[in-house]
Amino acid sequence: MPSLKDLKIRIDSVKSTRKITKAMQMVAAAKLRKAQESAERGRPYAEKMRDIVSNLASSVKNIAGDNKFLGDGGDCKKFLLIVATAERGLCGGFNSSIVKLAKSRIAELTSQNKEVKILTIGKKGREQLNREFESLFIGHVNLSNEKNITIDTARKISMDIISRFEDGEYEVAEIFYNKFASVISQIPSSYRLLPVSFNEKESDASNLSFNFEPDEDEILNEIIPKSIATSIFSVLQENAASEQGSRMAAMDNATRNAGEMIDKLTIDFNRSRQAAITNELIEIISGAEAL
Amino acid sequence: MTNKFELSIISAESKVFEGKVENILVPGMVGDFLVLSNHAPCISSIRPGFLEFSEETSDKQRYFVSGGIIEVINNVVSVLVDSAVAGDKIVKEDITNLISEVNDRLSAADTINKDDLGLRKNDLEEALKQA
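So the protein lines, in turn, are chains G and R.
So the first sequence is numbered by our numbering: it starts at 1 and just counts up by one.
So the second sequence is numbered by our numbering: it starts at 1 and just counts up by one.
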């Protein structure tokens, strides 16, 4: 049985922990709203970019252009996995769920005798992957100095990825991140960034014939790096929103657990205080009876 | 009566402009061109320069853009820009900064990219004169 003083110290320490988790939860809620807003603002651009690329694609198919960025990634040997995680922990399973997905993909690819390379965005993913796959690393992007994600950051990352692609360091690039489904649900997801494949999308403009200026190939060379930057930008934004959502949920849980712990400890504290009082009374009474 | 069409100028971080306009002058990659309503469908890339359009015949609005893509379909014109600054807010230093940035990259670039960057630099210097 811990002494009264020990219990008191523990209750105080859990109380201050609860204060911290509560504060973190509120900060995360505020940041989440901001992240969601900025993701919303970026959406029209991303949607329009997709439209234009698919319009472009339907025209390019007709002339069978052999652009280096296009392809279906069929029998490629060299894979680059881009793992986007957070810079900070204390956000539940956010980071490890992405890393888990990436690890299972690495295992799958290595069992097929493919060459795998890893590029991480965000410190937490690098720490977790570094333990097992240090030799596969070709790069890391540090986001700790970026308070808000800007398109310039995304452009820099995409320029790096594209120049590695052009140098033949890899043939297929896949990106791993957490998709923001709702505040309480984030889905670890991945998709192929490069080469770009055009799935047959029915667009109302597909039967229009466009004038291109300059020609299709040059526009593709210009637009694909842009669309990759946009994809990375929206991935980073989804990730940022997911991170805050996940942290909010984790901290809410922690706050509740701390509350329960305090209740339990308080009951223990009261019981042992009462026990001490009863004990003393018995001693006094039995002492008086002995006289 | 003049015909209007819908114009939206969107940057990656926000919507810059949305509304009905009568015409828009675009600094296309191959040359400047004017879009009026019922323009044929087209997709073109944009070099750094000024976008000029008017909601009414009289007042013109100017935006400096640092490059992008324009799509015209059925009287809906969408301009995706890398970045846009309203004409009256443009500071010459911004363009000068862009030029020096291009200069830096020019010295680091290989020969293939050099042509592109050189062209870009000319466009920027042209825009600086107009500002």
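Just so you know, these hints were derived from the structure itself, not from any lab.
A hint or two may mislead.
As the list claims (entries may be wrong) - So the derived label-pair ranges between C-beta atoms look like this: (1) Asp104/R to Gly71/G: 54 to 62 Å; (2) Asp88/R to Ala181/G: 51 to 59 Å; (3) Gly89/G to Asp32/R: 49 to 57 Å.
Claimed, not checked - Pairs of lysine to aspartate or glutamate residues, derived as DMTMM-like cross-links and limited to a Cα-Cα distance of at most 25 Å, are as follows: (4) Lys121/R to Glu40/G; (5) Lys15/R to Glu146/G; (6) Lys156/G to Asp82/R; (7) Lys114/G to Glu40/G; (8) Lys20/R to Glu146/G; (9) Lys31/G to Asp32/R.
Glycine is no exception: its CB is placed at the ideal position from the N, C-alpha and C atoms.
Satisfaction of the hinted span 49 to 57 Å by the C-beta atoms belonging to Gly89/G and Asp32/R: holds (53 Å)
Lys20/R paired with Glu146/G [C-alpha distance capped at 25 Å]: violated (37 Å)
Whether the CB-CB distance between Asp88/R and Ala181/G falls inside 51 to 59 Å: violated (42 Å)
Whether the CB-CB distance between Asp104/R and Gly71/G falls inside 54 to 62 Å: violated (33 Å)
Distance restraint between Lys121/R and Glu40/G, which requires alpha-carbon spacing of 25 Å or less: violated (33 Å)
Pairwise hint evaluation, Asp82/R against Lys156/G, where the allowed Cα distance is 25 Å at most: Measuring from Cα to Cα gives roughly 13 Å; hence the hint holds.
Given hint Glu40/G paired with Lys114/G - CA-CA distance at most 25 Å: violated (38 Å)
25 Å limit on alpha-carbon distance, applied to hinted pair Lys15/R and Glu146/G: At roughly 22 Å apart (the allowed maximum being 25 Å), Glu146/G and Lys15/R satisfy the hint.
Straight-line alpha-carbon gap Lys31/G to Asp32/R, limit 25 Å: Status violated; Cα separation ~43 Å.
Checked against the numbered hints above, the structure violates hints 1, 2, 4, 7, 8 and 9; every other hint is satisfied.
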